[in-house]
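If you read the sequences in order, they're chains A and B.
If you read the first sequence in the working numbering, its first letter stands for residue 1, the second for the next number, and so on.
If you read the second sequence in the working numbering, its first letter stands for residue 1, the second for the next number, and so on.
Since the hints were derived computationally from the structure, they do not count as laboratory data.
Here the structure is a predicted model, which means the values were calculated and not measured.
Beta carbons are placed, not taken as given, at the ideal position from N, Cα and C, and that holds for glycine.
Fair warning: there could be bad hints in the mix.
Stated by the list, open to error - Interface residues of chain A toward chain B, partial, derived using beta-carbon atoms under 10 Å:
id : residue
1  : 126
2  : 136
3  : 146
4  : 201
5  : 202
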Amino acid sequence: MTGVRVAGVGLTHFGQHPERTGRDLFADASARAFADAGVPREDVAQLNYGNFMGEIGEHQGHQGPLMAEAAGLNAPATRYESACASSGVALREAVKDVRNGEADAVLVGGAERMTNLGTAGTTEALAIAADDLYEVRAGMTFPAAYALMARAYFDRYGGGKEDLAAIAVKNHDNALDNEFAQFQKAITVEDALDAQMIAEPLGLYDACPITDGASAAVLVSDEYAEEHGLDAPVSITGMGQGGDKMALQDRQYLARTPAAERAAEEAYADAGVGPADVAVAEVHDCFTIAEVLALEALDFYAPGEGIGAAARGETTRDGDRPVNLSGGLKAKGHPVGATGTSQVVEMTRLLRGDHPNSDAVPGDVGVTHNAGGTVASTTVHVLEVEE
Amino acid sequence: MNDETGGGAERVRDEGYDDFLDAVESGEGFYLECPEGHGSLPPRRVCPHCGATDLEEVPLPETGEIETHTTVHVAAPSFAEDAPYVTAVADFGGVRLTGQVRGVDPEDVAVGTEVTAEVAETETSGERVLVLRTC
Numbered sequence: 001m002t003g004v005r006v007a008g009v010g011l012t013h014f015g016q017h018p019e020r021t022g023r024d025l026f027a028d029a030s031a032r033a034f035a036d037a038g039v040p041r042e043d044v045a046q047l048n049y050g051n052f053m054g055e056i057g058e059h060q061g062h063q064g065p066l067m068a069e070a071a072g073l074n075a076p077a078t079r080y081e082s083a084c085a086s087s088g089v090a091l092r093e094a095v096k097d098v099r100n101g102e103a104d105a106v107l108v109g110g111a112e113r114m115t116n117l118g119t120a121g122t123t124e125a126l127a128i129a130a131d132d133l134y135e136v137r138a139g140m141t142f143p144a145a146y147a148l149m150a151r152a153y154f155d156r157y158g159g160g161k162e163d164l165a166a167i168a169v170k171n172h173d174n175a176l177d178n179e180f181a182q183f184q185k186a187i188t189v190e191d192a193l194d195a196q197m198i199a200e201p202l203g204l205y206d207a208c209p210i211t212d213g214a215s216a217a218v219l220v221s222d223e224y225a226e227e228h229g230l231d232a233p234v235s236i237t238g239m240g241q242g243g244d245k246m247a248l249q250d251r252q253y254l255a256r257t258p259a260a261e262r263a264a265e266e267a268y269a270d271a272g273v274g275p276a277d278v279a280v281a282e283v284h285d286c287f288t289i290a291e292v293l294a295l296e297a298l299d300f301y302a303p304g305e306g307i308g309a310a311a312r313g314e315t316t317r318d319g320d321r322p323v324n325l326s327g328g329l330k331a332k333g334h335p336v337g338a339t340g341t342s343q344v345v346e347m348t349r350l351l352r353g354d355h356p357n358s359d360a361v362p363g364d365v366g367v368t369h370n371a372g373g374t375v376a377s378t379t380v381h382v383l384e385v386e387e
Numbered sequence: 001m002n003d004e005t006g007g008g009a010e011r012v013r014d015e016g017y018d019d020f021l022d023a024v025e026s027g028e029g030f031y032l033e034c035p036e037g038h039g040s041l042p043p044r045r046v047c048p049h050c051g052a053t054d055l056e057e058v059p060l061p062e063t064g065e066i067e068t069h070t071t072v073h074v075a076a077p078s079f080a081e082d083a084p085y086v087t088a089v090a091d092f093g094g095v096r097l098t099g100q101v102r103g104v105d106p107e108d109v110a111v112g113t114e115v116t117a118e119v120a121e122t123e124t125s126g127e128r129v130l131v132l133r134t135c
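Okay, chain B solo, but in the shape it has when bound (with noise of 0.2 Å):
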């Protein structure tokens, strides 16, 4: 059992979403894209939306919308340190990215507030963490 957590097992790495987490990192963030034109983020196989199976990796685009929000108070106990925290889904055109909303104070945060993609890590535990920081 790993405290940190909670779910039984150790985090293993995860190909697919780990290397899109290094691509976040090093500024070559990128998203899949089938020949319909629907985004997702690996791990994928197939398009989740229409099944297709031929999925090409596009650049994620510099900038993204925030479409929804919330203040998190009450977290589980991987997120405990970092409570109170904003957690956001943001529009980056092609694809939504769920992260953690850092770089403005959380009364700020407004649906349409502009942000880019980075990875930084928890307070509470130090894994990595998908940030979407307020340009």
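Chain A with its partners taken away, still in its complex shape (with noise of 0.2 Å):
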């Protein structure tokens, strides 16, 4: 089995786009990627392509052939999805595919394109993530979902709006530099208190914005990287992916995330590494309970602590293990699509130097993890600079 290294990376701004098409997105995201790889798009054996709501988002289904047009490819083409946890499973596969010697060089990436919808008609497309009969039926929103996971969390472990408002300030902090950032602007505790109310406890400033955006990475084995003479120095050495049943009602927990400890768990042996060697991670914080939720299924903490971490100073950029550097879904955006493999880019950038947070990174370690749905679907990597 050979090692897989990242060759290179590319993102489209995160924002609102609205006169730009999925396949303009993921076209720019592709080429940036392409120019940072510096390999060939002929050496690109397959494309695997995250999508959640193209069919509602822009009218377009088949997304695989078409993104793969849109990135110069002549080469096999498939659309993963999985909600908002898409390209991150369009990438365990391509890690899968590189590994096993079925493709030497493989695109992975994703797009989404929300904005144009509105907040009711994405509220809308969003909730079919959810349970139509046990959940959409009922009026559950995705805010609404994350906000029955957190009050389930208050009840029974403790924490606040307060926690939750020091995770967005900090992901809003760590955005101030990213030039893809969706949001490069500092808030405070008390903008994120007094923020109008979506679903109780969950308020406007908990919430990741509607976004447009592309990302996208070249995968190549050890061997092709060395042969070409390629600057890869960092590798992907761990994967891991876990499943929950689909409503909330039918969970053995409503505060903890069993698939998502699942995936780190698999990841982590995967790559021969523990929590405890993890000195960077980029996680799924849609919501800002879920950041809580995703800290403690990474056994960095142990369930019912992890609410204060942000508030403690142990996650933001000057804590021992920083967490989503790039500001995260929170202030970096949320093309959900795209956000998988996003966080790839951004956890690659922090670990090889050129990123604008990458001297708030204290170790050569790095995790993403990125969820769909409520959580029952995950996948978690585990990213490493090679010596």
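Relying on the hints, combine the two individually framed chains into one complex.
So, in structure tokens, the structure goes:
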């Protein structure tokens, strides 16, 4: 089995791009990834592409071959759909194929166009990642689902809105110098606490924005990197995926995410590292409470202890283990199908030293955590700087 | 395209789930139980917890307890006129139900509040909705 290098990465700006189609966004991100990688397009064996709501967002299904065209590939292309974990799953399958020798070079990425639907339309579109019979028909929205988890967490373990506000403040602060981020704007705890309520106890600043954007990465085998003399110091050394019941009501826990716990265990074992080895993480903070659940699922904290991590300064930029140095979904933005790969793009830049926040990275092992739905699907990847 | 659902498809009757709503509506609510005692809601052919295939209808307990809840201020279009409304997950012993809480001011809903299950209509679209009514 060969190792897997991240040869090059690319992002579009995440934000409102009403005039740009998904294909234009992905063409942009993939062109940046190819330029960064120095890998010719004809060497790429396949495209693994993540997208969630293309049929609703831009009346476009069958996006695999369309996006291969946009990227300039004449290669098989498959779309992976796993709600907000779509490109995380696409990435895991790409890593598998490089490892097992199916492909020497693969393009992986994702894109989503959301802002043209507006807030109401996006709320409706995202809701289809919940169970239609048991949840959507009862008026469940995604903020509502995470609010149910937040209330269950507070009830079981304690913590409150101030702890969640500290996470929003931290992630906004991290995005200040990230040119790809939707919000490069600092906020205060008071701003977060005074914001419009979306689904109690979650307010506007507990939620990630509605975002257009795309992400891409070129993955190659160790042998390919060596033969072509690529400067690709970061490897993907571990991967894991976990699943859980679709509806919250059928879960064993309302304030824990076992799908992510299983994905993390698998990824750590695969890479031969443990949570204590991890210096930096990009986690799926679609809502502030989701970052807390992620920190605990990744075993950085025991259940009930992750809630105060940002307020205590442990996960901030100058903390021992910074989390979401990109700004996270909260401030960088969350074009859902693009998010999983975008986390790997940001982590690669953080680890190899060309991210504006690279100086804050206290080690050479990073983890990315990408969740779909209310964490019914999760992927975790371990990235490491090669010696 | 059906503007009420926004999902691009007319809602069709789902035999298992709509039968369940019918049963709740007539005061004969039930859930499915496997030989191991795991509860679930229809439609199911296997127990989602252990994979057992011999599922039996058992009566839904009269009351449940709210386990978690939220007041939704920003709703999807199909619930726009219902907002603000409370959505909750309630524990009925063998099974949990997700529904809209009615019969109480949103600010008075709490974890542990006792509720019964009913079927009512949404204000926005007139669709049937599972309601958790405070006792």
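Structure-based check of all given hints:
no.: 1; hint: 126; result: 9 Å, holds
no.: 2; hint: 136; result: 8 Å, holds
no.: 3; hint: 146; result: 9 Å, holds
no.: 4; hint: 201; result: 8 Å, holds
no.: 5; hint: 202; result: 8 Å, holds
The structure shown violates none of the earlier numbered hints.
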